[in-house]
Amino acid sequence: MSSRETILARLRQNRPQGPALPDIDAVPFITFADKFDAFRTLVRNLGGDAVQLQPGETVQDIVAQRWPQHGRVADVTAANPERVTAPHDWHDVDIAIVPGELAVAESAAVWVSHAGNSQRALYFLTQKLVLVVPKDAIVDTMRDAYARVSIREHGFGGFISGSSRTADIEQSLVMGAHGAMAALVIFV
Amino acid sequence: MKHDNINHAKAAADFLQDREQARWHDSAIWWVRQKRDMQAKQLPEWEQLRALAQQIKAHTLSRLDEYLEQFQRNAEQNGVTVHWAADAEEHNRIVHGILAAANVKKLVKSKSMLTEECGLNPFLEQHGIEVIDTDLGERIVQLRHEPPSHIVMPAIHLKKEQISELFHKELGTEAGNNDPTYLTHAARANLREHFLSAGAGLTGVNFAIAETGGVVVCTNEGNADLGTALPAIHIASMGLEKIIPKQAHLGVFTRLLARSAIGSPITTYTSHFQQARPGGQMHIVIVDNGRSDILGSDDFYQSLRCIRCGACMNTCPVYRRSTGHSYSYIIPGPIGSTLGPSRDIRKHGSMAFACTTCGSCSNVCPVKINLHEQLVLQRKRAFDAGALKPAKKMGLLAMRFLTQHPSLMDAGGKLMRKVVPIVPQALTQHSAWSRPGRELPPMPAQSFKEMWQARKENKQ
Numbered sequence: 001m002s003s004r005e006t007i008l009a010r011l012r013q014n015r016p017q018g019p020a021l022p023d024i025d026a027v028p029f030i031t032f033a034d035k036f037d038a039f040r041t042l043v044r045n046l047g048g049d050a051v052q053l054q055p056g057e058t059v060q061d062i063v064a065q066r067w068p069q070h071g072r073v074a075d076v077t078a079a080n081p082e083r084v085t086a087p088h089d090w091h092d093v094d095i096a097i098v099p100g101e102l103a104v105a106e107s108a109a110v111w112v113s114h115a116g117n118s119q120r121a122l123y124f125l126t127q128k129l130v131l132v133v134p135k136d137a138i139v140d141t142m143r144d145a146y147a148r149v150s151i152r153e154h155g156f157g158g159f160i161s162g163s164s165r166t167a168d169i170e171q172s173l174v175m176g177a178h179g180a181m182a183a184l185v186i187f188v
Numbered sequence: 001m002k003h004d005n006i007n008h009a010k011a012a013a014d015f016l017q018d019r020e021q022a023r024w025h026d027s028a029i030w031w032v033r034q035k036r037d038m039q040a041k042q043l044p045e046w047e048q049l050r051a052l053a054q055q056i057k058a059h060t061l062s063r064l065d066e067y068l069e070q071f072q073r074n075a076e077q078n079g080v081t082v083h084w085a086a087d088a089e090e091h092n093r094i095v096h097g098i099l100a101a102a103n104v105k106k107l108v109k110s111k112s113m114l115t116e117e118c119g120l121n122p123f124l125e126q127h128g129i130e131v132i133d134t135d136l137g138e139r140i141v142q143l144r145h146e147p148p149s150h151i152v153m154p155a156i157h158l159k160k161e162q163i164s165e166l167f168h169k170e171l172g173t174e175a176g177n178n179d180p181t182y183l184t185h186a187a188r189a190n191l192r193e194h195f196l197s198a199g200a201g202l203t204g205v206n207f208a209i210a211e212t213g214g215v216v217v218c219t220n221e222g223n224a225d226l227g228t229a230l231p232a233i234h235i236a237s238m239g240l241e242k243i244i245p246k247q248a249h250l251g252v253f254t255r256l257l258a259r260s261a262i263g264s265p266i267t268t269y270t271s272h273f274q275q276a277r278p279g280g281q282m283h284i285v286i287v288d289n290g291r292s293d294i295l296g297s298d299d300f301y302q303s304l305r306c307i308r309c310g311a312c313m314n315t316c317p318v319y320r321r322s323t324g325h326s327y328s329y330i331i332p333g334p335i336g337s338t339l340g341p342s343r344d345i346r347k348h349g350s351m352a353f354a355c356t357t358c359g360s361c362s363n364v365c366p367v368k369i370n371l372h373e374q375l376v377l378q379r380k381r382a383f384d385a386g387a388l389k390p391a392k393k394m395g396l397l398a399m400r401f402l403t404q405h406p407s408l409m410d411a412g413g414k415l416m417r418k419v420v421p422i423v424p425q426a427l428t429q430h431s432a433w434s435r436p437g438r439e440l441p442p443m444p445a446q447s448f449k450e451m452w453q454a455r456k457e458n459k460q
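In order, the protein sequence lines correspond to chains A and B. This note's numbering puts the first sequence at residues 1 to 188. This note's numbering puts the second sequence at residues 1 to 460.
Hints should not be assumed to be uniformly reliable.
[As the list claims (entries may be wrong)] With a cut-off of at most 25 Å between alpha-carbon atoms, the simulated DSS-like pairs for lysine-lysine come out as follows: (1) A:Lys35 x B:Lys456; (2) B:Lys35 x B:Lys160; (3) B:Lys368 x B:Lys392; (4) B:Lys393 x B:Lys380; (5) B:Lys35 x A:Lys35.
No lab work stands behind these hints: they were computed from the structure. Predicted, not measured: the structure shown is a model, and the values here were computed from it.
Modelling step: build the complete structure from the supplied sequences, incorporating the hints.
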């Protein structure tokens, strides 16, 4: 017998009793009166920030104001975004501007998963990550979020909450472990 | 890898020699427990959330074979190759086979307690493959050639001065610069080079979803993401208990995991891998290594609900005062003290006694495992298996004899209350009750039983 058959046979034989699956929607979860405000308060504690685009303003204006001095920019929200042949080609990007599909108030997380090839590496290689989210695409909890998201970009999708961080040295919180050192969420 | 034959009590006593370090360890980890409490209190539904998680996991364990088969079918439809490993050795051989077939010379790894359990790193290194652990804490302990001391905070037993010295030697950082930001960013720069030049990336799995055939990996650092977005090969190693039925259930588990683990509402990255990137390969290795045996144990199968958050160790008064390195099994703390003895009671029997039975672990566990009850049952197994040191065994046998003979117990107590106060200090100062800061208490005039009887008579 293969290992697969041996393992499955033993699992079948050793089955414990178990309950039926619960209805996870039957329990009321927390809601927020002002979802944007909850999101912004939280993301500021997590090495990020959130702003709402004002009339007459563009995403590029906000980015330029925030980081007047910067290196290579990769804007995949542009009409004709730059293409690369290998994901490694994004290694020296300073600012990445990417679309975010949905924001979650309770966790300051933004769902990313779009149809282009090899954008995945960009989310994590860039030094500063700008997520552009439609302003009505914000939900209360992760349960609401999972009811709405779908995985598109070659079988990849992810929630990103603030900037990359670690506390592995004496529990001191340091922003910029491996991924982006700063995260800015712009609601448009 | 851990050395065999670590005795918890002995190793903990060694750790406690450095009182200042021990105090720091205790308070740093207690702070993580407090952050967990703050997060839990912000959610009115917290206890219901734990109950949902418990029910989903308990249901899944009752049909684990069906959900694993469904998971495999869906993963294969996504173009993912699924492998099954009966034990650690088969897991290591499968991983090596994938790497050798693609002529991979360097593997970047994100955190995976399973690969620690399997001893993957030394196996691959023997076969000439360079393995780079990329989680900062894991990298630190890898460079020090020691195992992680905590499943979420691998280097929590170290002070920044020790890490500074290590990085000076290994990465060429400035001597004496102990700034955590400086040290972290030095490691970032060094590990970026490894991410960009590796031939494959290996991750653990936090959740595997039967309905979609995808796996979810949670990190704060982004190392699992860089390690899978850059190299063309992604290998995900998972214990077979990581399965959950539906994607919607992540709406329960992602709310519990980081809050329980580190007191954050969520990890920075919660990444869902369902297919290889264009031109790449994705492999999933499903590992048993003793889990199917635990499933068949009425006393211990609930331990398979574990989502590896580490909340039980953060709250454990024994863990906080003894470090993970005092436990013989690779997973320390309360959950390790049931999983280790389940695997090998003779080797890990002492872990079952690293417990005050206070029950705090069971109360914080996000999937409500009856941890402290399991540890009591593991003690019984340790005794039956002859895994106790002779002195401990004799002590337990004497205690059993006394509790079965109440008059002897009464007489012994009376004698002790008379004798102990007149024993010279030189004889008592080496007892367990007479270490610095732990003075032998004065002997009471009466036993509890005598006080109780007197009280009853007074009432009448």
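Results of checking the hints against the structure:
Between the alpha carbons of Lys35 of chain A and Lys456 of chain B the distance comes to roughly 62 Å, so the proposed pair goes past 25 Å and is violated. Distance hint between Lys35 of chain B and Lys160 of chain B is fulfilled; the C-alpha atoms sit about 22 Å from each other, no more than 25 Å. Simply put, Lys368 of chain B and Lys392 of chain B have alpha-carbon atoms about 31 Å apart, too far for the 25 Å limit, and the pair is violated. Distance check on the hinted pair: Lys393 of chain B and Lys380 of chain B sit about 11 Å apart at the alpha-carbon level, within 25 Å; holds.
Between Lys35 of chain B and Lys35 of chain A, the direct Cα distance comes to roughly 23 Å. Compliance with the 25 Å bound is thereby established for this hinted pair.
The earlier numbered hints that this structure contradicts are 1 and 3.
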